[in-house]
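K.L.:
All chains should be built: construct the whole structure from the sequences, respecting the hints.
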Amino acid sequence: MAEEAKFKCLRCGHEYTDTYTPGVPQERTCPKCTSNSVRRMKEK
Amino acid sequence: MMDVGRHPKIELLTYSEIENVTGYIGNFHVNVRKKARYVDEDACTACEKCAEVCPVVAFDEHQLGLASRKAIYIPFPQSVPASYLINMEDCLGTNPIACGKCLEVCDPKCIDYDEKDSIIELDVGVIIVATGMDVIDPTVLDEYHYTEFENVMTSWEFEILTGPGYVTGSELLRPTDRKVPKSIGFIQCVGSRDDKRGHPYCSNICCMNTVKDTLYLKEHYPDMECYVYYMDIRTFGKQYEDLYKRSKEMGVRYIRGIPGDVEEDPETKNVIVAVENTTTGKLEHHELDMLVLSVGVEPRVETADIQKILTLSKAPDGFLAESHYQLNPIDSPTGGIFLAGCCESPKDVKGSVTQASGAAARAERLLSQRRVKVEAITSEIDPDLCTSCGICVKVCPYKAIRIEKKKAPAEVIEAACKGCGTCAAECKFGAITMKHFTDDQILSMIDAMLEEKPEEKICTFACNWCSYAGADLAGLSRIQYPPNARIIRTMCSGRVDEKFIWYAFQKGAPVVLVSGCHFVDCHYIDANRWTQKRIEKIWDKLEQKGIRPERLQLEWCSAAEAKRWQSIMRAAENLRKTVSKQEIEETIRILSNGDKPKTKAKAEAKGKKKPKVTAASSE
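Residue numbers (the working numbering), protein chains in the order written: chain A, 9 to 52; chain B, 26 to 644.
Quick caveat, the hints were computed from the structure, so don't treat them as lab data. All values derive from a computational prediction rather than experimental measurement. Misleading hints may appear alongside valid ones.
Here are the simulated DSBU-like cross-link-like pairs (lysine-lysine), alpha carbons at most 30 Å apart as the crow flies [to be verified]:
no., chain 1, residue 1, chain 2, residue 2
1, A, K16, B, K570
2, B, K602, A, K40
3, A, K50, B, K558
4, B, K398, A, K50
5, B, K558, A, K14
6, B, K339, A, K16
7, A, K14, B, K562
8, A, K40, B, K558
9, B, K339, B, K294
10, B, K339, A, K40
11, B, K431, B, K558
12, A, K50, B, K453
13, A, K14, B, K221
14, B, K294, B, K273
15, B, K372, B, K34
16, B, K372, B, K59
17, B, K431, A, K14
18, B, K478, B, K566
19, B, K263, A, K16
20, B, K60, B, K333
21, A, K40, B, K562
22, B, K570, A, K40
23, A, K50, B, K602
24, B, K419, B, K398
25, A, K16, B, K221
26, A, K14, B, K588
27, A, K50, B, K562
28, B, K221, A, K40
29, B, K430, A, K16
30, A, K16, B, K558
31, A, K16, B, K562
32, B, K566, A, K16
P.N.:
Set out below in structure tokens:
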């Protein structure tokens, strides 16, 4: 099931929320700088 | 189809489904479920007596419910074999027999209520996938009141109404009053070329299907008014433009503009269309007896199952992806499997026949050789180092690695291996060697790259097919990118082992960039998904160790994206400038002594002992 998750671009530092389905890899692109170095921020 | 059915060297399995496929090019083993027909297809003479006495009236799937069938029926008039079958969901019941009328009248005694599904096992050398496509279901979109107005129908329904097999004998009758319509309109691109409603792609066949329909109408009903509402008419094929012109000459009005909505006259049940004619800029109203929605096509629902069974790749539009859309449009990414017809993309009869002929020729060429050339770059497993953990089996996109018995070492099927290297990158025991891209070779490249002034270098891993080609195109196109980028080519980004990244950081790399194909372009089906997973794990580990995760970048870049490559490298250079010498020294300190990670060669040198997992890779 898709859930909301926070993502952070490791190129420009932009943080945003997007859907995330555990176990289903998805090509992610930073909406600000188009980098693919997008990291899902896990809740601590 | 008749020719295929009669051909002495073709075994036609109808009413059957593929359950499982194992093996590889030249040696596929296929399990086919042949569903019970409850009628002996060889003995049945299609005399029709059984259907005449059958009391059941059911929805005729072939005629989209515009006609009915019996529980015992021939699926469609041209079906091969021309024998009846019983749909047991419709049949009144055989246990206990509640009806049995068909059994009583069947002279050849070919009905068997107790027949069961059978599994047929086949050994085949090649497989051609020709599973076709579906027509978009307009009820989901409910475009132009399709579910509400009786005189609004789809182009497929129109085909059935005007077809020779229909009850009206191919005479077109309006559903509400059973009269020949005096005016008819066709709306193009319903469910196609629209990101929000339907599919973004062009369905390819609808324009010419409408041109053909209008020609049919004008030939049979010359006085009928015909309107076609369109965005663009795409007559790309041989002589298609001539047909389009002929249709216009016969009086069909082509109006450039898609109606926003339609209304129905409650008394006459006529359909009133309001459309802005973008050629004249005027709003026009047309009262029509019938409206046909030219619906697009989409991949079959079963495509996902076929993809899994045959380890195929799917394009973003949902159709099966070919190996290369220009240079290898018939082969699938998996060796020995070819694509034909609309399973690959929407196409007309001519396109399907052309591709099917090509697929047959490709299959024949392969079978006649009786041997295949395998890739030079394949993986090799050292049975002494393999622990049978099974990770390589899991990650291989081609099912080219198998573990036959429990705890037996994994084996590579060389004919099926395409050399992506994902297995070698995922193996934690150094048991897998990628020929021509060994760990030692790549680590030596890192050594050479970072031997002098490592703090000035951008350590880049690029996949052979997309990123490396994108960098190459940037060079050829004189698109400049920072000259301090040092690129190590791997066949796939999936080959980039975790230990290469740790080693690069240990050797003083300020930034490491891993680059591969976009997900849809991956040359190795889905190998680059494993790259992403791996990089995500390393980001976490970097953070845990107190190293900035930003220093490891991941980018997808296609062979055509030279400008993107430039922007990726410029961003990497900007990032590199933020990494100070002290930060690099601190990283080296954190990651211990900077020794080369243990590789298979070192493990062998230690007398075939299983190597301890290195500090970096064990994290």
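K.L.:
Each hint: holds or not?
P.N.:
Hint check:
1. A:K16 - B:K570: This hinted pair holds, its Cα atoms lying about 19 Å apart.
2. B:K602 - A:K40: Holds, at about 21 Å.
3. A:K50 - B:K558: Satisfied, since the Cα-Cα distance of roughly 15 Å is no more than 30 Å.
4. B:K398 - A:K50: Judged against 30 Å, a Cα distance of about 47 Å means the pair is violated.
5. B:K558 - A:K14: 17 Å, holds
6. B:K339 - A:K16: Judged against 30 Å, a Cα distance of about 28 Å means the pair holds.
7. A:K14 - B:K562: At roughly 17 Å apart (the allowed maximum being 30 Å), B:K562 and A:K14 satisfy the hint.
8. A:K40 - B:K558: 23 Å, holds
9. B:K339 - B:K294: Cα-Cα ~44 Å, so violated.
10. B:K339 - A:K40: 28 Å, holds
11. B:K431 - B:K558: 27 Å, holds
12. A:K50 - B:K453: Distance ~26 Å between A:K50 and B:K453 Cα, so the pair holds.
13. A:K14 - B:K221: 26 Å, holds
14. B:K294 - B:K273: 28 Å, holds
15. B:K372 - B:K34: OK: B:K372 and B:K34 at ~28 Å, within 30 Å.
16. B:K372 - B:K59: Roughly 29 Å separates the two Cα atoms, so the pair holds.
17. B:K431 - A:K14: Given that 30 Å is the threshold and the Cα spacing comes to 41 Å, the pair is violated.
18. B:K478 - B:K566: 26 Å, holds
19. B:K263 - A:K16: Judged against 30 Å, a Cα distance of about 51 Å means the pair is violated.
20. B:K60 - B:K333: 21 Å, holds
21. A:K40 - B:K562: 24 Å, holds
22. B:K570 - A:K40: 28 Å, holds
23. A:K50 - B:K602: 28 Å, holds
24. B:K419 - B:K398: 25 Å, holds
25. A:K16 - B:K221: Cα-Cα ~28 Å, so holds.
26. A:K14 - B:K588: Within the cut-off at roughly 29 Å; holds.
27. A:K50 - B:K562: At roughly 12 Å apart (the allowed maximum being 30 Å), B:K562 and A:K50 satisfy the hint.
28. B:K221 - A:K40: OK: B:K221 and A:K40 at ~23 Å, within 30 Å.
29. B:K430 - A:K16: Given that 30 Å is the threshold and the Cα spacing comes to 44 Å, the pair is violated.
30. A:K16 - B:K558: Between A:K16 and B:K558 the Cα gap is close to 16 Å, so the pair holds against 30 Å.
31. A:K16 - B:K562: Between A:K16 and B:K562 the Cα gap is close to 15 Å, so the pair holds against 30 Å.
32. B:K566 - A:K16: 16 Å, holds
The structure is inconsistent with the numbered hints 4, 9, 17, 19 and 29, although it conforms to all the rest.
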